[in-house]
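Engineer: Let the hints inform the model, and build the full structure from the sequences given.
Number of protein chains: 2
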Amino acid sequence: MAKKQEFVKEITSREENFSQWYTDVILKTQMVDYGPVKGTMVIRPYGYRIWELIQEQLDARFKATGHQNAYFPLLIPEALLRKEAEHVEGFAPEVAWVTKGGNEVLAEPLVIRPTSETIICEMYSHWVQSWRDLPLKLNQWCNVLRWEKSTRPFLRTSEFLWQEGHTIHATEEEAQEETMQMINVYREFAENVLAMPVIVGQKSEKERFAGAVATYSMEAMMQDGQALQAGTSHNLGQHFAKVFDIKFLDKDGVQKNVYQTSWGVSTRLIGGLIMVHSDDRGLVLPPKVAPIQAVVLPIAMHKEGVLEGAQAVCDRLKAAGIRVEFDTREQSAGWKFNEWEMKGVPVRLEIGPRDLENNQATIVRRDTLEKTTLSLDTIEDSIKALLDDVQQSLFDRAKARREERIFAVQTMEELQEAVETKHGFASAMWCGERACEDRIKELTGATSRVMPFEQQLLGDRCVCCGKPAKVNMLFARSY
Amino acid sequence: MAKKQEFVKEITSREENFSQWYTDVILKTQMVDYGPVKGTMVIRPYGYRIWELIQEQLDARFKATGHQNAYFPLLIPEALLRKEAEHVEGFAPEVAWVTKGGNEVLAEPLVIRPTSETIICEMYSHWVQSWRDLPLKLNQWCNVLRWEKSTRPFLRTSEFLWQEGHTIHATEEEAQEETMQMINVYREFAENVLAMPVIVGQKSEKERFAGAVATYSMEAMMQDGQALQAGTSHNLGQHFAKVFDIKFLDKDGVQKNVYQTSWGVSTRLIGGLIMVHSDDRGLVLPPKVAPIQAVVLPIAMHKEGVLEGAQAVCDRLKAAGIRVEFDTREQSAGWKFNEWEMKGVPVRLEIGPRDLENNQATIVRRDTLEKTTLSLDTIEDSIKALLDDVQQSLFDRAKARREERIFAVQTMEELQEAVETKHGFASAMWCGERACEDRIKELTGATSRVMPFEQQLLGDRCVCCGKPAKVNMLFARSY
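Those protein sequences? They're chains A and B, same order as listed.
In terms of the numbering used here, the first sequence opens at residue 1 and continues consecutively.
In terms of the numbering used here, the second sequence opens at residue 1001 and continues consecutively.
None of these hints come from the bench; they were simulated from the model.
In this text, a Cβ means the ideal position worked out from N, Cα and C, and glycines have one as well.
Among the clues, some could well be false.
One side only, chain A facing chain B, incomplete, derived with CB under 7 Å [as the list claims (entries may be wrong)]:
1) Pro36
2) Tyr48
3) Gly66
4) Gln68
5) Phe72
6) Pro93
7) Gly102
8) Asn143
9) Val144
10) Trp147
11) Ser150
Structural biologist: So, in structure tokens, the structure goes:
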């Protein structure tokens, strides 16, 4: 019991310390733990189940858009990593090196994949010969490793789980279409499944993927007003195709290099999910990724008929395809309320003698903590409708929060105020020069996030240098 | 087209060279390719889809028996690996070492997990305090790496994909029950899903897992009469619990070490699947793991109504939940027959003008190549029944083949003949001494596989030394 008490002890409030709040939530809900190697995490069942639900729903979208899964090796020869100049510059400083296998020192060191462009390009160069082999649209679900200095579970860890799509195409147009299609798949998934509103656009040259022609990103706003890059899609052009010699014989009889894309999301999404929706009581989970969507609590469960009555409701919900848990542990009702609230279960059903008498269940929804009653006659449909409503409300709430915190700014003072004082995003006009990006970062801690597809025309001068502006850019502090 | 021709060129016959036949089949069907690092493989979509179907159906069985998935880190500190003496002795010679992260040489080298007992035990020691925390039954799907000298895709590769279950229990009995439950889950899965008959029993002390009290295995017979260890379940007793200090406060107020199990199957199952069922034309896949269960070929497809008629049948099969492919490519019918036979698709439907006139489809099943016709009126049900029949027939055929090749032997000459000349398993009585196991291996190349649960009493003397026999043991050459 001592342990259980600790389990539900106070979570630091967001107001007091957002970062500590996050750590408290992920550890106390047993989603994750720290691994023995610095910067690594153990994803515990409650966290991993969310990842499974993310995988399932994303994978269906990948398959529906014509992608197939495959698996490429973990270890990449150093020479492959070094082939594409920008890519190696970007990744070499953060890879882990395998230098010994069994008892032998390796002649050529191997890197643990930080991402798999290089090894996949190597294989594609063997597989592709004619335009008939294109497009080739593969994805893999795997672990990758980046030797990070400063880490936090889910948000940035040395090893993380992700999916990486890698496609090659006969034409530039097709590659660009694929790049855009996938950032839109991510956006739709983030908004409809994770209930996480995102702003989609293109990254600046400074922030784009090492080796890409263009990087598109979806950026979400956390409750502390910081941005989280939640998924990226890259148009790689022919950069990799040229150095890896991925060629095909086109219909016109000419040998050409392919055009390429890559795109990925990771376990970082779980961190985003938490920081967008959860509150001082603990997790708040959107029903579509909640390991448990509804918990049934028999109240005064030793009274005649209660357990049986509650069990029957539980069975009906399960049969209706709802992920439901039946909690018959001996703890007090109050203790259980706290625990399930902390765990973020979207809907709680309390069923006691009075409820059964009245052919009803008492319902509490996690997002608003509103209490109501529902007739048992149509409980399956009512709970499903309620779950849909929670899903939508979470999205609406997050979107409203975000809208309040995006500030159109004209001056550096306003930009600074937007990110520092008002804890939000600054939407500004920008000349497109790296010097201004660097200066804004130096002065405000904000980095360029994306040039939103939905451009706001806020004037014709760069917020930083005052020279003619090229584009509307979103600036924010970020994870 | 040159490439396509190569694609269907002759596969070496099993008779001529079984090993080359296997390589031809896996490469020509594009299930797999060799990775750039020696001993690694790339699992291509057609192979990976089989792994997904295996995962899906096994994972449902794990969840139904009360297990949850989690994810533990890839990298294990050397000190953890070294904690359990037998375990480190078994695995240290075959691990890959990470000695550098980013630009820093690591103070303590890390190993890439060859299996995860040590890191999971480390975490369990933090998580478990009371009998209320037990049993803890976790599984993870992941990649592992063992620095193997001699490799072959799916059967033995440096890196492979697998699942590893790790459970801890309050009592020895419960751990033994779990160990047996999981080997039985594997058996049922192998037989009912992979159509692969297996012999289940306990391993000798020599062959058991490094650190286990007892290892149980399922062994399958390949078409060349060699054995494949297809899945193992280990009772780890308290070996790891003691060195990792995994303790709990029991109901009686006493601190005790937990009892532990682990169990796993890997992408090796795909190799087994191929070597049990396939033939000189290529793959033969059991419907339950076939990426494509039925292919619909419109015959004379430019004749009026053929494409539409065939498409309609295809749509109906898809709607009935059958994994179906519609092949409208411009190649000849003969070319397509060859290709889909090579790919192992269980059922082929040919639909031409005559078929449509007669309201029928011409059907060829891959396992027997029998041709028949089926009415379109009930085509969904007929194809489903046919797929069930193929599934069962493959199992029956493999089992009959195996039964013919298990020889009860009384002498070393008979044992040698059984494995060398008759290419089968030898069932013999054994004294239980390692010296006899070693001698049998030296003389015949056969290793001890399992002491089958279904013991045959073949006499009272050891086949090798003639001393009193303790047990019936299966000997075979193996992969």
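Engineer: Could you run down the list of hints and mark each one as holding or not?
Structural biologist: Results for each hint:
1. For Pro36/A, the interface hint holds, the least distance from its beta-carbon to any beta-carbon of chain B being 6 Å, beneath 7 Å.
2. Given the 7 Å rule on beta carbons, the hint for Tyr48/A holds: about 5 Å separates it from the nearest Cβ of chain B.
3. The beta carbon of Gly66/A is not positioned within 7 Å of any beta carbon in chain B (closest approach about 12 Å), and the interface hint is therefore violated.
4. Satisfaction of the interface hint for Gln68/A is found here, the shortest Cβ-Cβ separation to chain B being roughly 4 Å, below the 7 Å cut-off.
5. Interface restraint check for Phe72/A: the shortest CB-CB distance to chain B comes to about 5 Å, inside 7 Å, so the restraint holds.
6. Below 7 Å, beta-carbon pairs count as interface contacts, and Pro93/A has one with chain B at about 5 Å; its hint therefore holds.
7. Hint status for Gly102/A: holds, given a least beta-carbon distance of 4 Å to chain B, under 7 Å.
8. Interface hint at Asn143/A: satisfied, since its Cβ lies 6 Å from the closest Cβ of chain B, which is below the 7 Å cut-off.
9. Taken as an interface hint, Val144/A does not check out: its beta carbon lies about 10 Å from the nearest beta carbon of chain B, beyond 7 Å.
10. The interface hint given for Trp147/A holds, since its Cβ lies 4 Å from the closest Cβ of chain B, which is under the 7 Å cut-off.
11. The restraint placing Ser150/A at the interface with chain B is violated, with a minimum CB-CB distance near 13 Å, outside the 7 Å limit.
The structure fails to meet hints 3, 9, 11 from the earlier list, while all remaining hints are met.
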